[in-house]
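Generate coordinates for the entire structure from the input sequences, incorporating the hints supplied.
The chain contents come next:
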Amino acid sequence: MMRRIRAWGPGLVLILPSLIALAVFVYGFLGWNIRVSLSSWRGLAPAHDFVGLRNYIALFSDQRFTEFDVPNIAIFTLVFVAGSLAIGFVMALLLDRGVTGENAFRSVYLFPMAISFIATAIIWRWLMDNGSGESETGINKLLAGAGLGALHSDWFKSGSRWAIAAIALPAGWSLSGYVMSLFLAGMRGVPEELREAARVDGASEPRVFWHVVRPMLLPVMMSAVVILTHISLKTFDLFYAMDQKNIKIDTPALYMWFTTFDGGFYARGAAIATLLLLGVATVIVPYIWYSVRVERRR
Amino acid sequence: MLLGELGPDKYTGLWTGKTDWKSAEVTAALDTFNKVLAASDIKSSAADWQPAADRVIDGAAVYTVMGDWLDGYLGRAKKLTFKTDYDVAASPGSSGVYDFLSDSFTLPIGAKHRAAAEKWLTECGSVQGQDLFNPQKGSIPARTDADKAKYQNYLATALKDWQDPATKIVGSLTHGVVANNAFGSEIDTALGIFVQKRDPAAFGAAIAKAYADTK
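Same order as they appear, the protein sequences are chains H and L.
Quick note: the first sequence, position 262, residue 262 per my numbering, numbers continuous.
Quick note: the second sequence, position 160, residue 160 per my numbering, numbers continuous.
Heads up, some of the hints might be wrong.
So these bits of chain L aren't anywhere near chain H, every CB distance computed over 10 Å [as the list claims (entries may be wrong)]:
#1 Q50
#2 T106
#3 L107
The calculated BS3-like cross-link candidates involving lysine-lysine, where the alpha carbons are at most 27 Å apart (straight line), are [what the hints assert, rightly or not]:
#4 L/K148 <-> L/K18
#5 L/K137 <-> L/K83
#6 L/K18 <-> L/K43
#7 L/K112 <-> H/K245
#8 H/K245 <-> L/K215
#9 L/K112 <-> L/K168
#10 H/K141 <-> L/K43
#11 L/K22 <-> L/K215
#12 L/K83 <-> H/K245
#13 L/K148 <-> L/K119
#14 L/K215 <-> L/K10
#15 L/K18 <-> L/K160
#16 L/K197 <-> L/K10
#17 L/K43 <-> L/K78
#18 L/K35 <-> H/K245
#19 L/K148 <-> L/K137
#20 H/K245 <-> L/K43
#21 H/K245 <-> L/K150
#22 L/K137 <-> L/K150
#23 L/K209 <-> L/K18
#24 H/K234 <-> L/K150
#25 H/K245 <-> L/K137
#26 L/K197 <-> L/K22
#27 L/K119 <-> L/K150
#28 L/K148 <-> L/K168
#29 L/K150 <-> L/K83
#30 L/K10 <-> L/K78
Selected chain H positions facing chain L (in silico; Cβ < 7 Å) [said to hold, decoys possible]:
#31 S18
#32 Q63
#33 D96
#34 R97
#35 E136
#36 K157
#37 R161
#38 I247
#39 D262
#40 G263
The hints are simulated quantities; they were obtained by calculation from the structure and are not laboratory data.
These numbers were taken from a predicted model, which means no experiment stands behind them.
Ideal Cβ placement from N, Cα and C applies to all residues, glycine included.
Have a look at this one:
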């Protein structure tokens, strides 16, 4: 018994502070949030009653939530994740060919991630301004200057159902460099011997990539999808700083914040937060299950 | 729009439960609002009031419906002259009505420096404090003994309207005078949906429900 404690005791003591912090600040508050979502708490004074799933049921007939927030976040996630993956992948592919100054390119593409979403949003709000004539600025002015004035867009202020997809542009600008570095690390992880073996067998470069490198990038791609999707679902600051209270770019995260802290609907806000957590869980839980299974096989 | 179309008494009734949000008059007023929206830049419906005022300054927009503080922006920040560079008019149907809001400081129970806070509040409320603050911000004092000479140009007309016994006073929704935070935020949501969907009946029904739920 003593020997056993000596074996894992020091390790436990080392991780204990973060374990306690995690238990309180992550799982404790998670539980508290779910508890609040089952109460009728509205206004500054907490209510500790129990109303079952009433707040959740109300959300499913809440026009803002069902007709705007959920479709909006689905469109945003789709465009943002697919776009960042594609751009990050292409950039990794180009850098993997062995460009001069690779380090410089890698840093330049990664830098946008270091800028907070608030700052990114303030720059891109100007870049994607929809003014015309004398007040035309940003991307629209650039397009007009290049003789492509016909491409003038209202971006996130567009009347289209897809207006929120414009926000995937700054989000993708922020994170595609990160996806690039993930893919690049994955490509570098493929042993050169494997490629050479394929070449000796007479495979062309595209075929080497398709049959040797691509299958080995699958785990990288999985983690990239999981990271991007959960960032997408919980993004708040980017939309908030871009055009707050524009319902065309409203998402569950924004609705949660406004209804809780402007309106004092604490129980409803907690219900939205719990649904967001479930949304993130549907992406992350299968991923964890998959990685645990892969690790066991080894 | 509701104030102009319904008149001050029925408008005030919207907040006290006496005017039915689902009534024919409210729906008709919202139909008129729809016509105004058709001539507005609703793509920027979530924009702040200053960029909207800038468009009027640039000559890209004809007018903007805004409060007294716009005078502070135009007269002080933008150095424009009342009557020569800009002018005002009561929005349709609101002549003789003052839609008011007030800036307030709260003194919390158990404030640590109660004496100092009370001194600050006394200063703010004094004739001198009012006359220092208001002309800078673009607002008028509630006190009747303030120095009228300090309120020039537009503010002189606003002060005259405010002190006119015939003026009817109603409260501003945007600034929380007539609706509590919960009701106000539900109205924000319904208005955002209305600007997209343009359905007066659905808007009226949503507000009526929100009023009942947040009373």
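Hint numbers contradicted by this structure | 4, 6, 7, 9, 12, 15, 21, 24, 30, 31, 33, 34, 35 and 37
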